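Spelled out, the chains give:
Number of protein chains: 2
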Amino acid sequence: MTKVAVLGYGTVGSGVYEVIKKNRDVISSKLGEEIEVKYVLDLREFEGDPVQEVLVHDVDTIISDPEVAIVCETMGGEHPAYEFTKRALESGKSVCTSNKELVEKHGPELLQIAKAHNCSYLFEASVGGGIPIIRPLRTSLAQEEILSITGILNGTTNYILTKMETEGLAFADVLARAQEKGYAEKNPDADVLGFDACRKIAILTSLAYGRKADFADITTEGITAITDKDFAYAKKMGATIKLFAKSVKKNGKYYALVAPFVVFPENPLYAVKGVFNAILVNSNMGGETMYYGKGAGKLATASAVVADVLDCARHKGKHLDIKWEDTKLEISPIDGAVRKFFVRSSSTDEARIKEFFGEVEMISGVADGECGFVTEEMSEAEYKDKAAKYGDILSMIRVD
Amino acid sequence: MTKVAVLGYGTVGSGVYEVIKKNRDVISSKLGEEIEVKYVLDLREFEGDPVQEVLVHDVDTIISDPEVAIVCETMGGEHPAYEFTKRALESGKSVCTSNKELVEKHGPELLQIAKAHNCSYLFEASVGGGIPIIRPLRTSLAQEEILSITGILNGTTNYILTKMETEGLAFADVLARAQEKGYAEKNPDADVLGFDACRKIAILTSLAYGRKADFADITTEGITAITDKDFAYAKKMGATIKLFAKSVKKNGKYYALVAPFVVFPENPLYAVKGVFNAILVNSNMGGETMYYGKGAGKLATASAVVADVLDCARHKGKHLDIKWEDTKLEISPIDGAVRKFFVRSSSTDEARIKEFFGEVEMISGVADGECGFVTEEMSEAEYKDKAAKYGDILSMIRVD
Chain Y
1 MTKVAVLGYG TVGSGVYEVI KKNRDVISSK LGEEIEVKYV LDLREFEGDP
51 VQEVLVHDVD TIISDPEVAI VCETMGGEHP AYEFTKRALE SGKSVCTSNK
101 ELVEKHGPEL LQIAKAHNCS YLFEASVGGG IPIIRPLRTS LAQEEILSIT
151 GILNGTTNYI LTKMETEGLA FADVLARAQE KGYAEKNPDA DVLGFDACRK
201 IAILTSLAYG RKADFADITT EGITAITDKD FAYAKKMGAT IKLFAKSVKK
251 NGKYYALVAP FVVFPENPLY AVKGVFNAIL VNSNMGGETM YYGKGAGKLA
301 TASAVVADVL DCARHKGKHL DIKWEDTKLE ISPIDGAVRK FFVRSSSTDE
351 ARIKEFFGEV EMISGVADGE CGFVTEEMSE AEYKDKAAKY GDILSMIRVD
Chain Z
1 MTKVAVLGYG TVGSGVYEVI KKNRDVISSK LGEEIEVKYV LDLREFEGDP
51 VQEVLVHDVD TIISDPEVAI VCETMGGEHP AYEFTKRALE SGKSVCTSNK
101 ELVEKHGPEL LQIAKAHNCS YLFEASVGGG IPIIRPLRTS LAQEEILSIT
151 GILNGTTNYI LTKMETEGLA FADVLARAQE KGYAEKNPDA DVLGFDACRK
201 IAILTSLAYG RKADFADITT EGITAITDKD FAYAKKMGAT IKLFAKSVKK
251 NGKYYALVAP FVVFPENPLY AVKGVFNAIL VNSNMGGETM YYGKGAGKLA
301 TASAVVADVL DCARHKGKHL DIKWEDTKLE ISPIDGAVRK FFVRSSSTDE
351 ARIKEFFGEV EMISGVADGE CGFVTEEMSE AEYKDKAAKY GDILSMIRVD
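Taken in sequence, the protein lines are chains Y and Z.
Quick note on numbering: the first sequence equals residues 1 to 400 in the working numbering.
Quick note on numbering: the second sequence equals residues 1 to 400 in the working numbering.
In case anyone wonders, no lab produced these hints; they're calculated from the structure.
It is possible that some hints are incorrect.
Since copy identity is lost for identical chains, a pair holds within one copy or between any two.
To be verified - Straight line, CA to CA, 25 Å or less: simulated BS3-like cross-link-like pairs of lysine-lysine:
(1) Lys-115 x Lys-318
(2) Lys-236 x Lys-273
(3) Lys-186 x Lys-273
(4) Lys-235 x Lys-273
(5) Lys-38 x Lys-318
(6) Lys-115 x Lys-316
(7) Lys-250 x Lys-22
(8) Lys-323 x Lys-22
(9) Lys-21 x Lys-323
(10) Lys-250 x Lys-21
(11) Lys-3 x Lys-318
These figures come from a predicted structure and were not determined experimentally.
Let the sequences and hints guide you as you build the complete structure.
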């Protein structure tokens, strides 16, 4: 029997409690022993909820109990999650978390502490909710040189873009509906401006290369400027628009970017709809592999935390090594990245467009007084330069 | 430094040698130590190939060398792979393999031997080539009750079906072209009759439920009867046709089947084209997750073997537990499985069709003197009974 404590009885924490309870038999059959939640830490009371029996209000009860081998940190936020995690690890208890903010900010330090105390710090649930991606990166792909990671890592934005595509609606209308349904937060900035996806690609990039990819170094654009006209152009091209979080290793340099992309059906990420998320990894031996599932949601996220709990239970007294050093991974300026660009132009003068952008593919007939085109491959810097000189640009979306 | 021996320098074995050599730096950086191939066993000579330096012809050299901690069995076939694997495990060497035949037939016994000798028997590469699926099932989904597994598990048949769909060609023509290109074997039976996919779903089902799902208990139909007309009907329905290997747990019963299915775009497997494979798992807490990648090929398969090698190296002297008991998983007769059926009928008498099959959706206009329809949901037994009484059936494909 392995005893576990859950910090925070919010959405994910209550999900962890539920998964361990409901799947007790499956877990003990696969693991060969039972997992039991001995404590749940929360400042609130939950009268009438069976969790009340194991509820505690003081983290010291948990830290000082040698019977607790594993702590699930599902509080979110930086403080006091950081302090509680540190204390748990220092007392030799493994910590499993869904807290992407904490992982992104303090991952290397917390992993060091875990190593020093022969316990583990695991965070499968911090990226991609219920999708196994951290563990595959750490184990199944450990022998691979990662060439690129491209993720649809935010369910809210993917839901909004899917609705805009299928129902021809404007961004603001879909956002309002998503907020009504609870698919988007009241303050949706972290999602629609791309910051949530940015934290997640920072974590994945750090794990891929073993050093710290800094959130602040990653150029991040959201989806707020995407219009129904953009989707009309995309449809004409047989494509769609997705918010990609992307990192690429090329010629020894590392690039990372969160931005909307025009995506064609040949890309396996094209078919990822609604609140589903997926991560496409390209590596030098195995080629493309993709991981798909629910990127958020109580039980999916909780299930990923519990998978980590089982891993810690299997390897008691041992540190599960995750290479993530506290040295900076130098992210190169995005200016050097090379790709095609989809452009909407307020001038329809094809000769002038071609003079600036070369042998473009023209897309017309979407709206009066404008046209669209896809440039040849060029660097971001080159595009920026040409666009400034050309002038008549309504909008630009990168092409994958 | 961990020393490894490779048994068999064929496609996968030479790939293992190549992956370990080419990705030496990535591997030692992630693992914290080097992996070196000390021996390659093959009866042949490879003059001019650097492998010659480590080539041996007698397995005893490997078994009796205490420096060899891990053996990669990439010989294929049952004998002598079985005997060599057993001897390696009995001498405390972990074995990593791509040999699905051996795993399917002797998995539980070899796992027992590994356990008794504190070493591991891992077989990620035996299913889905370079796609991480065995390890996610064993670790990331260990806390989940698996409700269904649906796989596109054979690259040859998926390539043939994709070509039939996109180019409107007949099965025999595509097969001939695939054989020319080396995508299909000279004797293609194991692929096109579904046996290869069947072995793989037998392994996945066994791992999902911890008992032995027997290859012979799984109803298996291939793709040889699929025609260009079937694809014309599928297109009219906005669907495609895929060879699915499927197992389902429903009301405490287990069903398994390999057969062509009509698949709609809502299914994430719809977009899996050409030689790519994918496995869609539905589980009770996390919901749907999918794993996608190259289902075959030298380097992709070899890379999966090397991932297992790294896992063994990380856990030296420890048995990595895989629950797979040598008791039979009772597969229920497929007659009890419930679904819709797509039927081509040589009679176009709609009234008579509806008399037998209820409120079907009719599909006409594909070919003279016939029509198609999709039945309501019914059990396989019920369908069989109605079909026998109705008589005028040209072909049937199950609907997912």
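Comparing the hints with the structure gives:
For the identical chains of this complex, Lys-115 and Lys-318 are neighbours both inside a copy (8 Å) and across copies (19 Å), given an alpha-carbon limit of 25 Å. With identical chains, the CA atoms of Lys-236 and Lys-273 are at most 25 Å apart both within one copy (19 Å) and between copies (23 Å). In this assembly of identical chains, Lys-186 and Lys-273 lie within 25 Å of each other by CA distance solely inside one copy; the values are 22 Å within and 40 Å between copies. Taking the shortest alpha-carbon separations for Lys-235 and Lys-273, both the intra-copy value of 15 Å and the inter-copy value of 21 Å come in at or below 25 Å.
Taking the closest pair of Cα atoms, Lys-38 and Lys-318 come within 25 Å of each other only inside a single copy of the chain (22 Å); across copies the shortest separation is 29 Å, beyond that limit. Taking CA atoms no more than 25 Å apart as the test, Lys-115 paired with Lys-316 passes in both settings, with 13 Å inside one copy and 18 Å between copies. Taking the closest pair of Cα atoms, Lys-250 and Lys-22 come within 25 Å of each other only across two copies (17 Å); inside a single copy the shortest separation is 46 Å, beyond that limit. In this homomeric assembly, Lys-323 and Lys-22 come within 25 Å of each other (Cα to Cα) only across copies, at 20 Å, whereas the closest approach inside a single copy is 34 Å.
For a Cα distance limit of 25 Å, the shortest separation of Lys-21 from Lys-323 across copies, 21 Å, qualifies, whereas the shortest one inside one copy, 32 Å, does not. For the homomeric pair Lys-250 and Lys-21, the shortest alpha-carbon distance between copies (21 Å) is at most 25 Å, but the shortest distance inside one copy (46 Å) is not. In the homo-oligomer, the alpha carbons of Lys-3 and Lys-318 lie at most 25 Å apart both inside one protomer (17 Å) and across protomers (23 Å), since each shortest distance falls under that limit.
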